[in-house]
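Enquirer: Chains A and B, in that order, give the protein sequences. The first sequence begins at 1 in our numbering and counts up by one. The second sequence begins at 1001 in our numbering and counts up by one.
The reader is advised that the hints may include incorrect statements.
To be verified - From the structure, some residues in chain A lie toward chain B, with a derived Cβ separation under 10 Å:
no. : residue
1   : R16
2   : T107
3   : K109
4   : R112
5   : S133
6   : T142
7   : I144
8   : F156
9   : N162
10  : M177
11  : H178
12  : R183
13  : V188
Hints are computed from structural coordinates only; laboratory data are not their basis. All C-beta atoms, glycine included, are put in the ideal place defined by N, C-alpha and C.
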Amino acid sequence: MSNGSSLEQVARLVARAVSERLGDRPDVVELVVREVVSAVSGASSVPPPSTRGPEGVAVDNGDGTITTGLGSVLPRPSGSLTSLELCTSCVEQRRQEVQRRAVVTTTGKNARGVVARISARVAEAGGDIQDISQTIVSDYFTMIMVVDISQLTLPFSGFKQNLLAAAEELGIHAVVMHEDVMRSLQRV
Amino acid sequence: MFYQNEEITEILRMIENEHLDIRAVNMGISLRGIISRDLDQTCASLREHILRCAENLVPTIIDVEQEFGVPITNKRLSVTPIALVGEASGADSFVPVAVAMDRAAADVGVDYIGGFSALVEKGKTRGDRVLIDSIPEALALTERVCSSVNVATTRAGINMNAIIVMGQRIKDLAGRTADRGGIGCTKLVVFANAPEDNPFIAGAMHGVGEADVAINVGVSGPGVVLAALRRLLANNPRCDLGEISETIKRMAFKVTRAGELIGREVARRLGPPVRFGVVDLSLAPTPAVGDSVAEILEAMGLERVGAHGSTAALALMTDAVKKGGLMASSYVGGLSGAFIPVSEDRGMVEAVRVGALSLEKLEAMSAVCSVGLDMVAIPGDTPAETISAIIADEISIGVVNNKTTAVRILPIPGKGPGESVDFGGLLGEAIVQPVNRFGCADFVLRGGRVPAPLISLRN
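Kindly generate the complete structure, drawing on both the sequences and the hints.
Expert: This is how it looks when you write it as structure tokens:
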């Protein structure tokens, strides 16, 4: 890995792969590539820990450079990136945001307004329905929603209570669970 | 869609219909920092320390349970073996420590606390002796305290003197709780090769090699495995044992992933110094219908568990559970196998009732599962020496096979073979099983140490 260009190539491939999973962010790719290359090849001197940003968070040095979470000093990228979005920390943060989803499942006898009532409660709480599917088999109704809960205006427990209460009013059965359960059990 | 509808409904079905739950989230707490020369001081510090470490345990678990939608059945504590904690005091009884543990457990809202324990595989110190002598009174007096004594390891051999004493203590304890069917003995385990990170009561303890505070998780899942097996057999009634193993593996993977997820999340929320320890893969049955290990074995084609072939079926199942679970968790530990607690498993109770499952067959099955003779009721008039001999047999299986075995045996005061006692809740109903009536006292009472087996010489 002494060859700088092949290192850069690898870093680019990895960064792009990660970025694509987070939603396409070419600016992040560039930043990560520069940071990884400079950290691994030792091209830029690593500042003493006291001047480094806290773990994983970049610090704007105010002189047109930034100190990244890995300790490299790099020119401040142009564009509208806020300091939090710089470098590795933003990757972690975006991963967290992306993962904040809940799965809402309701089952019961078909009744008028089930989708409307449940989705209204989701919206009231600041949830964003990212996917919804429903089936009716012999008057038995199943609706599954995947809800983005990263912008919830109330705690998860309150969100869950509201939905369960709405379901009870409709005489149907609802289950609200964190998406991590699905991911853990159904994805290797 | 991020997930197929079938994937989502499968998980709902597992939780709602097939009893998928996290059987136990156990917080292990080291008490090495509170040892004192004064037993009263030790008791006070013990309670204070447990309250400090575990005050947020139950609320955090309830939050995680709410958010993730996976039921967490039991919330428990375990501590450093009390023989080590109490020894410096020079006290003649550790019953006050048990009382302090009981109160601390009640204060933080857990139903059991393990660790009233001693490790005496090679010999006893004064503290070990005091602890073992305190067991009957301590367990009769308290509700939540559980006790375990490790009397053998593959490395050290078997301490027969300790086994003799344990036979007597078990009898004593049964007698002291005779008004409640001898329930005290449900809280006492005699171990060979006791694991130090076991999250399952009654054998839980926080070993001396552990960190300050650890979260260990015991998964459950016989219901999920049984349902999957029944679906397989409905679609393909002539499937072979390889396919059965494969199905169990897949389900064990999912069950274990749930445990890993919950354990890590609880540890993360509690924050340092709490760390995630291990997931115990054991399939743990409950008295609920359909949540039975016995029924899994019966689904494979045995008329009743205990029939010839039961040991092979259990071996197949335990192996598949381990293989599936191993891949699902980064840190596997504890007992990790399958439990066959007789009274806690409806299928086992039924098998005993119809005469299919004998004590001898259970002993054989324990060679291929994770524990041993667990929750087995025997006549109340069984001599202490016979109990010691039963323990010695079971412990030998563990020592020679380099595995954990345990005995949680329940002499039921005033009851004979075929009679039953209902402990209620997760402990279930126990039917008294006959024991071999031929003498063994002369053998057992020779005492001494049985040398470590050849398998111990691995260096």
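Enquirer: Run every hint past the structure and note whether it holds.
Expert: We went through each hint and held it up to the structure:
1. Because the beta carbon of R16 (chain A) sits about 22 Å from the nearest beta carbon in chain B, more than 10 Å, this interface hint is broken.
2. The beta carbon of T107 (chain A) comes within 8 Å of a beta carbon in chain B, closer than 10 Å, and the hint placing it at the interface holds.
3. Because the closest C-beta pair between K109 (chain A) and chain B is about 17 Å apart, greater than 10 Å, the hint is violated.
4. Interface hint at R112 (chain A): violated, since its Cβ lies 23 Å from the closest Cβ of chain B, which is beyond the 10 Å cut-off.
5. Hint status for S133 (chain A): holds, given a least beta-carbon distance of 6 Å to chain B, under 10 Å.
6. A hinted interface residue such as T142 (chain A) counts as satisfied when its beta carbon comes closer than 10 Å to some beta carbon of chain B; here the least separation is about 7 Å, so the hint holds.
7. A cut of 10 Å between beta carbons decides the hint on I144 (chain A): the least distance to chain B is about 5 Å, and the hint holds.
8. Contact between F156 (chain A) and chain B, as hinted, is supported at the beta carbon level, the nearest pair being about 5 Å apart and thus within 10 Å.
9. Checking N162 (chain A) against chain B by beta carbon gives a least distance of about 13 Å; that is not within 10 Å, so the hint is violated.
10. Among the interface hints, the one on M177 (chain A) holds; its C-beta lies about 3 Å from the nearest C-beta in chain B, closer than the 10 Å criterion.
11. At a threshold of 10 Å, the smallest CB-CB gap from H178 (chain A) to chain B is about 5 Å, leaving the interface hint in force.
12. Given hint, R183 (chain A) at the interface with chain B, holds; its Cβ is 9 Å from that chain's nearest Cβ, closer than 10 Å.
13. At about 8 Å, the closest approach between the beta carbon of V188 (chain A) and any beta carbon in chain B falls short of 10 Å, and the interface hint on this residue holds.
The earlier numbered hints that this structure contradicts are 1, 3, 4 and 9.
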